[in-house]
Amino acid sequence: MNEHRWHKLQRVYNRIFFSAFLLGAAYLAAHIYFLQNDPQVTAYYSKAVHSRWEGTENPEGRRGDILYRDGSVLATTRRLTRVVLDMKLIREGGDEAIDGIVHMLSEYNGGNDLEIRRRMLASDSRGLEILRGLPAASAREIDDRSFRGVTTLYYLERYYPCSDNGAPATVGFYSSSREHQLGLEAAWHNELRGIPGRREFMRDGSQNRLPGSMQTVAEEVPGRSLRTTLDPAIQLICEEELAAGMEQHNPDWGVAIVMEPHTGQVLAMSSAPDFDPNDFVAGKLFDEQGNLVNQQNPAVHFLVEPGSTAKPLLAAYAVDRGWISDNQRFICNQKINIGRYWITEAEATHYIGDSSGVPVADIIRESSNVGMARIAMKLGQEQVLEAYRSYGLFSRTGVELPMESSGRRPNSWQDESIKWPTVSLANSGFGQGFSMTPLQLAAAYCVIANGGYEVHPTLKLELEDTAVEGETGMLLVDNGNERVFDLDSGQRRVLSEQGCRRAQEWLRNVVVEGTGKKAIPDRYMKSMANKRDLKSGNPRFLPAGKTGTGQIAGKDGKGYEEHAYLASFAGYFPVKDPQYVIVVMYSHPRRGVYYGGSVAAPVFSRITDRISYLAFGERAEVPNET
2 MNEHRWHKLQ
12 RVYNRIFFSA
22 FLLGAAYLAA
32 HIYFLQNDPQ
42 VTAYYSKAVH
52 SRWEGTENPE
62 GRRGDILYRD
72 GSVLATTRRL
82 TRVVLDMKLI
92 REGGDEAIDG
102 IVHMLSEYNG
112 GNDLEIRRRM
122 LASDSRGLEI
132 LRGLPAASAR
142 EIDDRSFRGV
152 TTLYYLERYY
162 PCSDNGAPAT
172 VGFYSSSREH
182 QLGLEAAWHN
192 ELRGIPGRRE
202 FMRDGSQNRL
212 PGSMQTVAEE
222 VPGRSLRTTL
232 DPAIQLICEE
242 ELAAGMEQHN
252 PDWGVAIVME
262 PHTGQVLAMS
272 SAPDFDPNDF
282 VAGKLFDEQG
292 NLVNQQNPAV
302 HFLVEPGSTA
312 KPLLAAYAVD
322 RGWISDNQRF
332 ICNQKINIGR
342 YWITEAEATH
352 YIGDSSGVPV
362 ADIIRESSNV
372 GMARIAMKLG
382 QEQVLEAYRS
392 YGLFSRTGVE
402 LPMESSGRRP
412 NSWQDESIKW
422 PTVSLANSGF
432 GQGFSMTPLQ
442 LAAAYCVIAN
452 GGYEVHPTLK
462 LELEDTAVEG
472 ETGMLLVDNG
482 NERVFDLDSG
492 QRRVLSEQGC
502 RRAQEWLRNV
512 VVEGTGKKAI
522 PDRYMKSMAN
532 KRDLKSGNPR
542 FLPAGKTGTG
552 QIAGKDGKGY
562 EEHAYLASFA
572 GYFPVKDPQY
582 VIVVMYSHPR
592 RGVYYGGSVA
602 APVFSRITDR
612 ISYLAFGERA
622 EVPNET
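Heads up, the sequence shown is in my numbering, so the first residue is 2 and it goes up one at a time.
Hint data in this document are derived by calculation from the structure and do not stem from the laboratory.
Each residue gets a CB set at the ideal place from its N, CA and C atoms; glycine is no exception.
Keep in mind that a hint or two might mislead.
To be verified - Here are the in silico distance ranges between beta carbons for each label pair: (1) R119 / D557: 17 to 23 Å; (2) P197 / S124: 25 to 31 Å; (3) E192 / S497: 50 to 56 Å; (4) N328 / K577: 44 to 50 Å; (5) K527 / H564: 36 to 42 Å; (6) Q249 / R322: 29 to 35 Å; (7) E241 / S124: 30 to 36 Å.
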């Protein structure tokens with residue numbers, strides 16, 4: 002009986018266990034079913050598997066080139082190679098494998114096999130970069146030798162082929178880290194940069210790429226190229242002549258700008274001291290003393306008091322508006338007292354006229370500080386401010402460069418309801434007490450040169466689509482039309498045509514009769530029919546312009562540095578139908594001479610002399626009109 006009950010209970014327990022087993026199995030099957038059909042779970046496990054067995058890479062899109070106006074290259078992108086070693090695989094081949102690789106690679110690093118061997122033996126890395134910067138041909142040679150554990154990888158690197166004369170502060174530089182960028186490279190980064198591609202490949206059990214498994218999902222897209230307004234020949238002239246002036250006068254810095262006065266196109270923008278942008282690409286940001294290499298562009302970053310180069314701007318506008326007349330006379334005694342201040346002429350022997358006063362044309366020709374101070378005081382602050390503003394001063398020019406300065410007015414000028422101190426008003430007449438960039442000064446002189454219209458400096462001629470040919474990185478350029486400006490539609494007139502002719506005559510006389518004689522180029526001197534008459538030469542080779550000797554403001558913003566001057570010359574040529582506006586500046590020349598007419602004017606002269614041969618050739622007929 003008891004035995005019968007035991008067997009009966011055992012059957013019951015077996016049924017319960019079996020039922021529980023079936024329920025559990027059913028639950029597990031249902032769970033697996035739902036997991037298999039849950040898109041989130043499926044995606045998770047799929048990603049885990051793929052991350053183990055699949056890999057991706059995103060090749061960089063080639064950066065667009067920066068070009069001179071003629072299409073020659075200022076900045077380009079090279080396709081280079083680096084050699085990477087898997088030391089685990091190489092060591093499996095023993096000393097013989099190491100010796101063979103050392104011998105092969107030494108052919109590409111100048112035969113320094115000891116350095117290669119030292120680095121290989123000191124590393125256990127599976128990704129040791131042993132060589133970098135090899136051309137594509139060298140990479141193919143290495144690949145053809147098929148050494149186990151040796152891989153060549155391509156990469157793109159920025160390169161500046163004209164680093165010694167290619168306007169480095171203007172073009173700037175680019176590094177892939179983007180920690181440091183400058184100039185056009187920074188301003189046009191979004192247009193220049195390429196779009197990365199996408200490639201997928203399979204890995205083996207050791208996580209190495211399986212040969213032949215690479216598939217391109219999306220091709221990389223090259224960036225657009227920027228064709229600039231810079232002229233390679235004129236840029237080279239400015240670089241060389243500016244450097245000669247730096248050597249002769251030992252200033253802190255210098256700048257030379259050449260603009261086309263009708264369009265505002267910048268044909269050259271040179272600064273010194275300069276730098277090699279290829280050093281920045283390589284990460285060499287500091288000089289031998291550990292100081293960060295100067296990267297600033299004086300043409301747009303530095304603020305300077307223009308000195309006497311501002312005189313014709315104010316006088317021309319005032320006469321043109323009828324605020325004063327061109328034959329009006331102003332007393333130009335050697336110095337005048339304004340409160341506790343004295344305004345003096347630059348030199349004790351300065352021309353001061355007689356008791357009847359000096360007309361405006363002579364004040365400009367002889368660069369009289371006292372005469373211009375009297376003109377400014379007669380005009381008053383509202384008219385002086387209007388005059389300088391009309392040329393675009395105190396506002397950024399809008400040139401396509403980052404961090405452009407806008408110019409600076411004294412605190413007393415900021416609120417127009419505040420009356421300026423009389424001495425501040427007087428100083429404004431001869432370019433003191435306010436500041437501008439060298440490029441702003443060049444743009445202002447374009448107004449006088451082009452017949453009275455405001456222009457906006459530009460470095461952009463056009464953006465072009467680019468294509469890469471093979472592995473050489475050569476650029477295929479789709480030539481386009483240059484931008485054309487119509488001076489009669491849409492551009493603001495600053496001076497009347499008659500007012501411009503008057504100002505042009507003043508600036509011509511500065512050169513042939515006044516303080517700017519050293520700006521006359523040799524070619525004009527050789528063309529003179531009468532060697533005693535500076536007006537008898539071929540006007541095609543004659544420039545016009547104005548000297549400037551400004552004081553340099555103190556670093557604390559108070560007063561002026563002692564014995565520190567800005568030597569400048571601003572002008573244009575030819576004197577008839579001007580085609581080039583040129584500004585030359587040197588800050589703090591130190592070799593005993595500091596006047597603009599002695600320091601900057603000779604450099605201006607040499608630049609115009611050399612450009613005249615580019616513009617007119619070796620021989621040029623003397624025009625009928627003189």
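Quick rundown of the hints versus the structure:
A hinted range of 17 to 23 Å for the beta carbons of R119 and D557 is inconsistent with their spacing of about 54 Å. In this structure, P197 and S124 meet the distance hint of 25 to 31 Å, their C-beta atoms being roughly 30 Å apart. For the pair E192 and S497, the beta carbons lie near 39 Å from each other, so the given range of 50 to 56 Å is not met. Roughly 24 Å separates the CB atoms of N328 and K577, a value that falls outside the hinted 44 to 50 Å.
Evaluation of the 36 to 42 Å hint for K527 and H564 yields a pass: the beta carbon distance comes to about 37 Å. For Q249 and R322, the Cβ-Cβ distance of about 41 Å falls outside the hinted range of 29 to 35 Å, so the restraint is violated. The hint said 30 to 36 Å for the Cβ distance between E241 and S124, and at roughly 48 Å that hint is violated.
In summary, the numbered hints that this structure violates are 1, 3, 4, 6 and 7.
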